[in-house]
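Q: Residue numbers (my numbering), protein chains in the order written: chain F, 1 to 113; chain Y, 1 to 118.
What the hints contain is simulated information worked out from the structure, not anything from laboratory work.
What you are looking at is a predicted structure, and each value in this text was computed from that prediction instead of being measured.
Each hint should be verified, as a subset may be incorrect.
[To be verified] Some chain F residues near chain Y, calculated using beta-carbon distances under 7 Å:
(1) GLY40
(2) GLY42
(3) GLY107
Built from N, CA and C at the ideal position, the CB exists for glycine as well.
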Amino acid sequence: KAGVTQTPRYLIKTRGQQVTLSCSPISGHRSVSWYQQTPGQGLQFLFEYFSETQRNKGNFPGRFSGRQFSNSRSEMNVSTLELGDSALYLCASSLAVRSYGYTFGSGTRLTVV
Amino acid sequence: AQSVTQLDSQVPVFEEAPVELRCNYSSSVSVYLFWYVQYPNQGLQLLLKYLSGSTLVKGINGFEAEFNKSQTSFHLRKPSVHISDTAEYFCAVSASNAGGTSYGKLTFGQGTILTVHP
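Chain Y on its own, in the form it takes in the complex (with noise of 0.2 Å):
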């Protein structure tokens, strides 16, 4: 089974100041990773995953996270945050190994929520 701790319940930050968001995550196996965004009264949107190769990953909108195997960490990181980025962020995990019954299943974090202020 995995689980998914995500460190900060809510993040304030000042428009264009730089912002990181941390997960850690716990798993026997091998995982995927993955960042989500929700905004209100919406659903979740895609914005960077982990599946292998390079522990560096670009997301959309600006968005990097880092995957660290030893640390078994996944934070997600922006150099200039703006107002447009207040929302809900998600991290989630998933088992990369075949069959079982974690075969395709997400498990989130409980969320951030960052507040980008003027």
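Okay, chain F solo, but in the shape it has when bound (with noise of 0.2 Å):
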């Protein structure tokens, strides 16, 4: 069965500008978690969703919000982008939350300029 989709796989911005990622999970997942991978800070959770619904969130600004639509697609968009949102954006999905079968899309990478 197809894995996780994320589209794009990558993208160039500019400081300032705003850009939307979007990931489709494996069909019949219904949890959607986003990761931001940077060579300084490393893996760091963003936030899952399940059902629609934010059931989770890390320590991000505000600019970073997502969404998850009834077909369990997810997008999460970055307002206002600067220097350091450059990194590899991760989406996993899994059955449910706390299922813990977690499977990890390619990724997005955001470059910002």
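Assembling the complex is the task here: the two chains are given apart, and the hints tell you how they should meet.
A: The following block contains the structure:
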């Protein structure tokens, strides 16, 4: 079956712009989590959604937001981009919250210039 | 809150040699433990996980890990590595109790780069 699909794979944006990243989970998976990966901070949890509701949120500023649709697809949005937002953004899906069968996508590489 | 320390940032090893990647964690509550592998320009792949039961956990690609509650460790081992095992490895924890702000959240270590030389 198809894995977790993240689009786009690569993105270049200018400081001050906003960006929307998309994640399509494995069919039947209802939980979607987002992580930011940078060389300095490593892998950090952004948020988790289940049944269109945000169940958990990491320590990121309000510029980072997300949502989940009725088909479990998820988007995350970053407004007023800063250079420090350059990172690999990873999405993971699982059947349910705490099922711990997380499957990660290949990520979206965001570069802010 | 949980924290994870991977004791080695880089581990070089020769092909067919054994390897151990070390992971210690800190948590005020019971945890679940995971090891993930990341190949260049790819996402994370789950190698193995400890949720409960036997403290020796076997995973994919010949890897295994042992949960040691008293030493709060979850070291990853492979008896004989291959060139294809060259990658970055991440240890992660999550609170095992229901509810609370750690629900479903994975806390990762900083990663260990395993380089297998021929």
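Q: Find the hints from earlier in the document that the structure breaks and name them by number, from lowest to highest.
A: Number 1 only.
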